[in-house]
Every structure is written in C-alpha cells, then in structure tokens.
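Undergrad: Given chain G's structure and the hints, the job is docking chain W onto it.
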Amino acid sequence: MASEIIMRGRAWVFGDYTDSYQILPQQYWHGGDKIGNLDPGVLGEHAMEGAEPLFAKAAKAGEYQFIVAGKNFGGGGKSIEHPIMSLKGAGVKAVIAESASRYFFRNAINNGLATLVSEGISKKVSTGDELEVNLNTGEIKNLTTGQKMTTQPLPPIVLDIIAKGGYINYTKAQMSAS
Amino acid sequence: MPRPMTITEKILAHSSGLDEVVPGQLFNCKIGLAYTMDFLGKGVFDNLEKLGAKKVFDKDKVVVVFDHKSPPCSAADANLHSIVRKQAQKYGLKLYDVGQHGMMHHVVVEEGHLVPGIVALGTDSHALTGGAAGAVVMGIGVTDIAIAMATGQLWLRVPEPVKVIVEGEFPPGVMARDIMAFLFREKGWDGTAAKWTYRAIEFAGPAIAKMEMDERFSLCNLVSDSGAKNSIIAPDETTLAYVKPRAKREFKVFQSDPDAHYEEIRTLDVSSLVPQVACPHSPDNVKDVSEVAGTKINVGIIGSCTNGRLSDIRAAAKILKGRHVQPGVRMIVSPVSQRVYKQALNEGLFSILAEAGVIIGPATCGVCTGGQLAVLGDGEVAIAATPRNMKGRMGSKEAQIYSANPAVVAASAVTGEITDPKQFLG
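These protein sequence lines are chains G and W, in that order.
Take 1 as the starting number for the first sequence in my numbering and just add one per residue.
Take 179 as the starting number for the second sequence in my numbering and just add one per residue.
No lab work stands behind these hints, which were simulated from the structure alone.
Please note that a few of the clues may not be correct.
BS3-like cross-link-like pairs, simulated, lysine-lysine; straight-line CA separation at most 30 Å [said to hold, decoys possible]:
#, chain 1, residue 1, chain 2, residue 2
1, G, K123, W, K569
2, W, K237, W, K264
3, G, K172, W, K233
4, G, K172, W, K208
5, G, K172, W, K272
6, W, K239, G, K164
7, W, K575, G, K71
8, W, K575, G, K57
9, W, K465, G, K71
10, W, K228, G, K93
11, W, K569, G, K71
12, G, K124, W, K373
13, W, K237, G, K164
14, G, K164, G, K141
15, G, K60, W, K569
16, G, K148, W, K373
17, G, K164, W, K208
18, G, K164, W, K233
19, W, K373, G, K123
20, G, K57, W, K569
21, G, K141, W, K373
22, W, K239, G, K172
23, W, K373, G, K71
Just so it is clear, the structure is predicted and the values come from calculations on it, not from any experiment.
Next up, chain G with everything else stripped away, as it sits in the complex (with noise of 0.2 Å):
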C-alpha cells in the first residue's frame, strides 16, 4: 500500500454537466496524425478552454491546482483520453466533483489523475479557495474559509494506480513482480 497522498492547492469552480467538449475543444482532439495526439504538454494549452478560456493559463502559471465542479463532470459520451491529458498538461492534481462521467473517471484514474466524488462541493467552494485534499482518507479541508468535507475514500486499486502515476505504470510494476 502506498503512503498518504495529501495534496495542497487552490481551486477554480466549475458550474454542472461540464463536458469534454468544454473540457477540450472537439478541433484538439487528433488521432495521432498531428502533433499533440495524447501530449499534455500541448494539449494542456486548451484545458477547460470550452468553459472558461483563461484557466489554462492560469492553471499552467500555478495558479490553480484543483477543478471543482457540480454534477456529470466530463460526460458528453466521449470514451478519449485528450480531455484528461489537457487537464495533467495544464498541472491539475485532482478533480473534485458532485459526480463524474464513467469514461471521465475511469480514464482519469487510468492517467494518474485523482477524481473524487463529494456531495454539494460545488456550493461549498468558491474560485481561489485554498484546499488540502487527502486521498487515503476522502477528508477535504477548504483551508479559506475552514469547512471540512468529506468524500467517499477511493478503493484501494485505484489509490495504488493513482500513486504509481497511472495504469499503465501500475500494470508494468505488476508485469515485472510476476
């Protein structure tokens, strides 16, 4: 098992059913024939850029940490992983969000990407707010304003997947132990 994973940023808020469209425009999302295919490094330029142009920047210049959001977050059918690229590529640590979308979740967990579930958050955070997150525990601190929330911890897989910085690294780990 891995050790406690805390994490510490501030937190831009994010209105109900943000989709991946809004998370990244449909014109970024290249098949690998051009160049910034699964890059977050490019693709991470345009994250949130359907829902709110200037985060990107932002979030890039450290600004901002953590996406909390309402209901549905990243649906819009899209089982892509380029949404979730944009957001590691801009330096999102987590989302937090009223619910997500099952591809969103999954693939971000797949990519390292922390996605925890907690009720009304999006009511309970504002932009800028500085929060502590604990994903062993579920346990979030609005450090700002000093409300405590809770979350339900995730499983224990996908702590370790997160820790090891993705499935893939997670599935190589597992690989070369058996």
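TA: Below, chain W alone, put in the same frame as chain G:
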C-alpha cells in the same frame, strides 16, 4: 448456490472464474475480446509499447477495424492508417482494412468475433452495440484497452442492473431507436443528468423478442449515450440464428435468473410510441415528431453505428421508392459496413435510393462525426439517423441537427421538412 444474478452479473462472474459478483464490487476481469480502430489506434499501440508488451494476450481475441477515418479524406488520415496498419501487422492482429471495414461495433459481431457470454471492450463510447448479442460490452479508453490487450485482464466495477421491459407492437414509422430516444427524456444523456451512468441496462419483453438483430443492435447502441456501462439483450432463437453461422469461436449462453435483483425495473409500451426527434443541441432534448413537423431541412443523413444497418436502409428505400428527394435537400446514406453495403446493393436498395436522388457513400463514422460526406455549413439544418446532435458535431457550430429514425429522415427528405413517416406507410 450463488445468489440470483442478472445476465450481466453472470457473464462478469463466469469470465473470471467467480461463483458470483455483486454490484459495486471491484474485481480483476478476464477479457474475451478487445477491439480498436483507426482514429485511436495509434494511441493504443503507443500504450502497448509503453507497457513493453511484445505481443497481445491472445491474437484471436484482439481485432482492429478501420472506421472513423475510412476511407481517409486527408494525407494525415492516410498516414494514420499506415501507422495503425503497420502496428496491427507487427502484433499479428486481424485488421479489417478499408474495403472490408465498417463501424467496428458492428463489424466485430458481423464477423463473428464478438459472441454471446463474453466480456468485450472497444475503444469508443458506442461499443455498447454488441450487447445485443448477449455479451457484456463496454466502451473504454486507449489506456484500458492496451492493458486488456497485453494482459487479457482489467479492473472493473460491477454495475447496478436496470431492466427495461418492452411490450406492445411497433406502430408504422416507429423504430428501435425511438425506445431509447423516449427514455432519454427522463434519464438524461451522458452530457447532462445521465441518470443511467454506470448502470447495466437489460432489455427484455415481448416487443424485444419480436425484434430482429439489426433493431436490437440499434437499440443497445443508442443506450451508449445514456452513460450506462453496458446494455444487453439475453440470447434467444433470433440471436442464435444470427450468431451461430458467424461465430469464430465457441460460446456459452447466459440468461438472467427470474428472481435476480434490479435497481430499477421500467416497463414501456411501444404501441403508444410515436417517432421521437432529438432537437438541437442535445440527445435528450427529445420531442414527438408532431411537435417539430414542418421544420425546414437542408440535409438528410442515414448511417453510423446506430442506423446504418440493412433494416435501416430498407426502411428508407420503402419510403423513397418512386419518390424523390426534395430539390435543394442533400440526402446521404452510408451503410454500417462494407458487408451491409454489398447486401443493400445486391438487394437493389441502392438503385431505388439513387433514383430518388440519394447520395450513397461508403461505410464511415464520418457521416456522424462531421468527418466526411455529411458536413454541415452555417445555418444548415439536418435530420440525421445518427446518435448525436450536439452543437458543432457535424461541422459548423451554426448548424442545427435533429436526430431521428431512418423512416423520419427519408420522409423528411421527400418533403423538405421534418415529417412523420406514417403518411408514406399507409
């Protein structure tokens, strides 16, 4: 004795040698089939290389099908095909290249790779299609698929089951997709409320039993957009008649236990259903055809993994026979696969459509994604028998897409405005 289980639970448990599974349980699932395509294929093979995998877990259980960029419409697309083709050869995988191709969700069943009772994974959200053959089929990303291809396993969470019992007789002009389009009204789609997210949606009942396989695939396909994890129809005689002659491997048939527990059981009577139209710009903005009848259209589209099957093309030909597409409307038909293309051609459906002024294209996802053939300009209005209608989906962000069944599309192409097909189906 294990607890009573649904067909999805039984398949998940059996695949991995477990006696039972329960919703919410995480487990390491053994995979029976993994497939990918051109658009995301490079990402898949890149990940296989990152894993250091020199080979796949079982060459007979990994398939590559060209669909999204087929045939290529740009040098970049052609280059992408070259890369993926080379990688498929390197790993010794069966590739359905341009000319044998089609939407992968359909081709894997049509060619007998996807059989009842297995767990299958495809790198695209509309993968749920194959569940109509009585398998557990999920859409996943390029990371998951690479791991599944390399190891034959994947961590999965057992979904909560929902049962939809469909009763009654289909009225003229109402088709399989109308069931799901109607349900989007209350369940939302994956871009909004997505009340069925993570669920296993099982269809059953007398109306399902009467449906042919084409219609079942169409229905299970459209469930994809609800955010559900899988959709499934337990095999019956119709399924076996379809699957047996194609199956490339032995398979086992599962049925839900009569006393299996479901999170939700929903009954729907199709007799009272009318054609459903998803209005701009969301698949869950659904109205009865009568509410939008008269809306002028510029483009009609029939195709995609939802509605490019033989029964869809037949439904269009039935209406377009002896009629003509309204001048000023461009109407495009793209079959779901090259095999369906040949069937439609041999059946004489294409001459009916061509006489009516329809453009017949190759099998390509491009008619749904704005990639090719059906690309919309500023201010254009389309009626499309394809799954999705979000803003900018088919080109211009200033275009409007109405989604409906192929009979509605054909009738609307004749009149130049959204039309209930029943007037042509007397």
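Undergrad: Now, for every hint given, state plainly whether the structure supports it.
TA: Structure-based check of all given hints:
1. K123(G) x K569(W): Given pair K123(G), K569(W) holds - Cα atoms ~28 Å apart, limit 30 Å.
2. K237(W) x K264(W): With Cα atoms ~16 Å apart, K237(W) and K264(W) stay inside 30 Å; holds.
3. K172(G) x K233(W): 14 Å, holds
4. K172(G) x K208(W): Holds, at roughly 18 Å.
5. K172(G) x K272(W): Given pair K172(G), K272(W) holds - Cα atoms ~26 Å apart, limit 30 Å.
6. K239(W) x K164(G): 28 Å, holds
7. K575(W) x K71(G): Since the Cα atoms of K575(W) and K71(G) sit roughly 25 Å apart, the hinted pair holds (cutoff 30 Å).
8. K575(W) x K57(G): 25 Å, holds
9. K465(W) x K71(G): The hint holds at about 24 Å.
10. K228(W) x K93(G): 22 Å, holds
11. K569(W) x K71(G): 20 Å, holds
12. K124(G) x K373(W): 23 Å, holds
13. K237(W) x K164(G): 29 Å, holds
14. K164(G) x K141(G): 24 Å, holds
15. K60(G) x K569(W): Status holds; Cα separation ~28 Å.
16. K148(G) x K373(W): Given that 30 Å is the threshold and the Cα spacing comes to 28 Å, the pair holds.
17. K164(G) x K208(W): Holds, at roughly 22 Å.
18. K164(G) x K233(W): 24 Å, holds
19. K373(W) x K123(G): 21 Å, holds
20. K57(G) x K569(W): The hint holds at about 26 Å.
21. K141(G) x K373(W): At roughly 29 Å apart (the allowed maximum being 30 Å), K373(W) and K141(G) satisfy the hint.
22. K239(W) x K172(G): Answer holds: K239(W) to K172(G) is near 21 Å, not above 30 Å.
23. K373(W) x K71(G): Holds, because 11 Å separates the two Cα atoms, which is no more than 30 Å.
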